[in-house]
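S.K.: Sequence:
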Amino acid sequence: LGYRMFVNSMVTVKPIDDSALQNLQAELSMQNDSQALIQSASHLLSGVTQLAGVVSVPKRDVLAIEQIDFVRLSANRILVIMVMQHDEVQNRIIHFDRDLSAVELQQASNFLNKNLAGKDLHQARKYLLNAMTKDRETLHQMMMSAIQLGEQAIGEDKDDQDDCLIAGESNLIAYDDLADIDKLRELFTAFNQKRDVLSLLDRCMNADGVQIFIGSESGYSVFDDCSVVTAPYSVNNEQVGVLGVIGPKRMKYESIIPAVDITAKLLSAALKSEK
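Mind the numbering: the sequence shown is residues 5 to 279 in the numbering used here, read in order.
Keep in mind the hints are simulated off the structure, nothing from the lab. Quick caveat: nothing in here was measured; it's all calculated off a predicted structure. All residues carry an ideal CB built from backbone N, CA and C; glycine is no exception. Among these hints, one or two may not hold up.
Stated by the list, open to error - Just the calculated beta-carbon pair ranges, DEER-fashion:
| # | residue 1 | residue 2 | range |
| --- | --- | --- | --- |
| 1 | Ala30 | Ser78 | 38 to 46 Å |
| 2 | Ala178 | Asp21 | 15 to 23 Å |
| 3 | Lys130 | Ala30 | 42 to 50 Å |
| 4 | Asn27 | Ile85 | 33 to 41 Å |
| 5 | Ala273 | Lys130 | 30 to 38 Å |
| 6 | Glu221 | Leu188 | 15 to 23 Å |
| 7 | Asn240 | Gln197 | 30 to 38 Å |
| 8 | Asp91 | Ser23 | 24 to 32 Å |
| 9 | Val93 | Ala183 | 42 to 50 Å |
With these hints in hand, go ahead and build the complete structure from the sequences.
M.R.: Set out below in structure tokens:
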């Protein structure tokens with residue numbers, strides 16, 4: 005309660021200094037794809053604040069499909085290149101039960117792009133499931149191959165992508181407020197498992213600007229000795245993820261808050277221009 009009253013009534017936010025701002029802009033401008041931009045944001049935040057930087061990755065299932073292409077690697081092995089909304093690219097290798105020529109793969113790609121473009125992965129899976137359950141006699145060989153390829157291409161990804169990127173965890177070792185070895189171990193376990201971190205970030209997805217959770221306000225006991233400062237980032241005015249920092253309750257709020265805020269704004273601008 006004491007820290008909350010202090011933050012609400014006493015903290016005067018200081019603008020981030022020009023050199024730090026220019027460094028953030030320069031570092032983000034060096035990245036050439038959305039995944040690299042998001043990963044860079046977590047490292048930049050941890051470097052600027054000397055805390056743990058966290059960024060949630062846009063959920064791929066809610067991104068719309070823009071294009072699907074197939075490349076024949078060898079007999080029965082096919083590379084799938086799937087371009088999603090916001091220039092998110094997914095590659096995977098699938099195995100098919102028969103050898104398809106480059107012409108057949110192009111036909112399958114054309115069919116899927118015509119029917120799946122603009123749909124998110126949930127909608128695309130539903131479309132393919134419905135198509136698969138139709139009377140097979142009404143589907144000629146090319147359509148069946150295309151549907152089966154599509155089912156493999158957008159099936160549930162067994163190699164779970166990181167939904168949350170964390171950088172600078174070791175920065176927290178330097179703070180006396182977090183010196184209890186058991187609590188520090190518990191905190192590092194939470195960083196490794198990511199579940200609680202991601203859940204907290206997801207709660208901030210629709211927030212309007214910076215959110216501050218002090219101690220037990222987060223709702224997760226592992227963060228009871230910490231403060232979490234977050235802000236959502238967007239692409240084309242659509243909020244797609246959240247970034248922030250985790251550190252001791254006695255952090256320098258006056259400089260941490262603008263650092264989180266400006267990094268979210270810069271990441272949003274970089275993702276927009278990258279598009």
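S.K.: None of the hints should be skipped; say for each whether it holds.
M.R.: Cross-check of the supplied hints:
no., hint, in the structure
1, Ala30 with Ser78: 38 to 46 Å, "holds (43 Å)"
2, Ala178 with Asp21: 15 to 23 Å, "holds (22 Å)"
3, Lys130 with Ala30: 42 to 50 Å, "holds (44 Å)"
4, Asn27 with Ile85: 33 to 41 Å, "holds (34 Å)"
5, Ala273 with Lys130: 30 to 38 Å, "holds (35 Å)"
6, Glu221 with Leu188: 15 to 23 Å, "holds (20 Å)"
7, Asn240 with Gln197: 30 to 38 Å, "holds (32 Å)"
8, Asp91 with Ser23: 24 to 32 Å, "holds (30 Å)"
9, Val93 with Ala183: 42 to 50 Å, "holds (43 Å)"
The structure fails none of the hints (numbered hints given earlier).
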